[in-house]
Amino acid sequence: MYVAVKGGEQAILNSWRLLAEQRRGDTRAPELTLAQIRGQLGLAVDRVMAEGSLYDPELAALAIKQAQGDVIEAVFLLRAYRTTLPRLGVSLPIDTGAMRLQRRISATYKDVPGGQVLGATYDYTQRLLDFQLAAGGTVASAAVAASALPAAPRITEIMGSEGLLAAETPAADDPAPRDLTREPLEFPANRALRLQNLARGDEGFLLALGYSTQRGYANTHPFAGEIRQGTVSVEVVPEELGFAIEIGEIAVTECQMVNQFAGSATQPPQFTRGYGLVFGACERKAMAMALVDRSLRAEELGEAVTAPAQMQEFVLYHSDNVEASGFVQHLKLPHYVDFQSELELVRKLRARYAAAQPKSTDTAEAA
Amino acid sequence: MSILAQADINVLETACSPLNVLTELTCAQWQWLRSPETGLIMVRGRAGGTGVQFNLGEVPVTRCALRLQRDSHLSANGGAVGSTIGVAYVQGRNVRHAELAARLDALLQEPASCERIHTHVIEPLAAAQAARRDAAARKAAATKVEFYTLAREAQTPGNTGEEP
Numbered sequence: 021m022y023v024a025v026k027g028g029e030q031a032i033l034n035s036w037r038l039l040a041e042q043r044r045g046d047t048r049a050p051e052l053t054l055a056q057i058r059g060q061l062g063l064a065v066d067r068v069m070a071e072g073s074l075y076d077p078e079l080a081a082l083a084i085k086q087a088q089g090d091v092i093e094a095v096f097l098l099r100a101y102r103t104t105l106p107r108l109g110v111s112l113p114i115d116t117g118a119m120r121l122q123r124r125i126s127a128t129y130k131d132v133p134g135g136q137v138l139g140a141t142y143d144y145t146q147r148l149l150d151f152q153l154a155a156g157g158t159v160a161s162a163a164v165a166a167s168a169l170p171a172a173p174r175i176t177e178i179m180g181s182e183g184l185l186a187a188e189t190p191a192a193d194d195p196a197p198r199d200l201t202r203e204p205l206e207f208p209a210n211r212a213l214r215l216q217n218l219a220r221g222d223e224g225f226l227l228a229l230g231y232s233t234q235r236g237y238a239n240t241h242p243f244a245g246e247i248r249q250g251t252v253s254v255e256v257v258p259e260e261l262g263f264a265i266e267i268g269e270i271a272v273t274e275c276q277m278v279n280q281f282a283g284s285a286t287q288p289p290q291f292t293r294g295y296g297l298v299f300g301a302c303e304r305k306a307m308a309m310a311l312v313d314r315s316l317r318a319e320e321l322g323e324a325v326t327a328p329a330q331m332q333e334f335v336l337y338h339s340d341n342v343e344a345s346g347f348v349q350h351l352k353l354p355h356y357v358d359f360q361s362e363l364e365l366v367r368k369l370r371a372r373y374a375a376a377q378p379k380s381t382d383t384a385e386a387a
Numbered sequence: 103m104s105i106l107a108q109a110d111i112n113v114l115e116t117a118c119s120p121l122n123v124l125t126e127l128t129c130a131q132w133q134w135l136r137s138p139e140t141g142l143i144m145v146r147g148r149a150g151g152t153g154v155q156f157n158l159g160e161v162p163v164t165r166c167a168l169r170l171q172r173d174s175h176l177s178a179n180g181g182a183v184g185s186t187i188g189v190a191y192v193q194g195r196n197v198r199h200a201e202l203a204a205r206l207d208a209l210l211q212e213p214a215s216c217e218r219i220h221t222h223v224i225e226p227l228a229a230a231q232a233a234r235r236d237a238a239a240r241k242a243a244a245t246k247v248e249f250y251t252l253a254r255e256a257q258t259p260g261n262t263g264e265e266p
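For the record, the sequence lines run as chains W and V. The letter at position 351 of the first sequence is residue 371 when you use my numbering, and the numbering goes up by one with no holes. The letter at position 133 of the second sequence is residue 235 when you use my numbering, and the numbering goes up by one with no holes.
Honestly, the hints are just simulated from the structure, not real lab data. Note that the coordinates shown come from a computational prediction; the quantities given were computed from them, not determined experimentally. Glycine included, every Cβ here is placed at the ideal spot set by N, Cα and C. Incorrect hints may have been included.
[Stated by the list, open to error] The calculated label-pair distances, taken between Cβ atoms and stated as ranges, are:
hint, chain 1, residue 1, chain 2, residue 2, range
1, W, LEU149, V, PRO226, 20 to 26 Å
2, V, ASP110, W, GLN56, 48 to 54 Å
3, W, ALA165, V, GLU212, 39 to 45 Å
4, W, GLY283, V, ASP236, 24 to 30 Å
5, V, ALA229, W, SER167, 14 to 20 Å
6, W, TRP36, V, VAL113, 50 to 56 Å
[What the hints assert, rightly or not] Computed from the model, here is a short list of chain V residues facing chain W with C-beta under 7 Å:
hint, residue
7, ALA149
8, GLY153
9, ALA230
10, ARG234
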């Protein structure tokens, strides 16, 4: 029996008002502007764009403000917004080899062409709280080199030239990838679908899975061959022009993990790759994505599938934090009738249980 | 088109404001072929940077197309004769940005205005963009590691691999 229940409108309206007041916080402090969020909470903005799968720093900043800094809620807001816009087309694949680098490191070669460029990183900070930031004040400007950083070849190209590393080449017809946002996920999912899923997946989930592969749940022996971060141009071929034009640029982080591979009957031993590519400066996510991409290639590389990080369905069905959050949080919705039926059932079972007990001192209550 | 698309809208407005660029922008006979529309472009990447294509995520884009009518009052049949089409695809949601870019795209195809627009709009924008990229690249370059070794041998990258 389904019973429609009405009521609570006034409570909901007042809840919205309370939320708005709490979001604003103490009115003696100035209100946050989107420019402040974009400028000073840039990594949060990047994470919301990456997992929201929409590269728009201004909207991501708005989502963060609206969600009071709850990143997953902000991702949800961005995902909801994108459904209101029509799809105008697709870009040409971005060329990360031509990236205007802001950071570029390799853990496999010290003296790599183009050098080790640290960029802006927390890696070498001491993780001591900086009370000068609490006090505020002016900041020393960044050092500026006499000459600009040249474009640098991908490290995988250097390794690839010796045949030490499995080549990454598309099929002869360079097929267009299927799109998770337009058709349901089906298994087995090819690498293109998996990479799309991981690129928009939850950082925490991928981080934990990537970590699990390092600890022995899947055996991938990874090295961070290269991590690069910077901006790339986005090119499209408009239907009315028929040739490619640049429409703008985006910041991305790319990670090439290099992993052991013993070889097979048809292939000599060589290194294989896991790949991470994420909007913005999301290095931890790019690294985790590359680890998980590699572990999900187990089947294609003839490895035994034994660990969660190698299981396509487990990974791809649980990586999306909007879906996960929705299903977990739907438990808050009224389940009064469901629960009532379960209650009836448990009472009946208890009565049956009580009746089956040997008749001594009667301790079972009749509910 | 790339320079117009990647220009900051405020800088673009400023670049258009002096001289007769603005006059030309506003006085010419314009006709929308496609009024400004904001939508999404799916950005693609390649596995490993060079492999199979995959969908990375979307980016908002505003596009429009218009026709610049040249001497339309003199041309008896009007229409396509003596007209130029300007097109813009611009990252973001700024309708004004797309409109300005499309108008400038049309004017750039006109011999009468091409040089003027180049000098007053495109070149300054390109210079500003190059300067911005150069400044960022030089700040990054300042964080490049210079390793100190006692004897620096000339080695190829293939044999300098070290354990992490």
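Quick check: which numbered hints come out false for this structure? Numbers 1, 2, 4, 6, 9, 10 - these are the hints that the structure violates, sorted from lowest upward.
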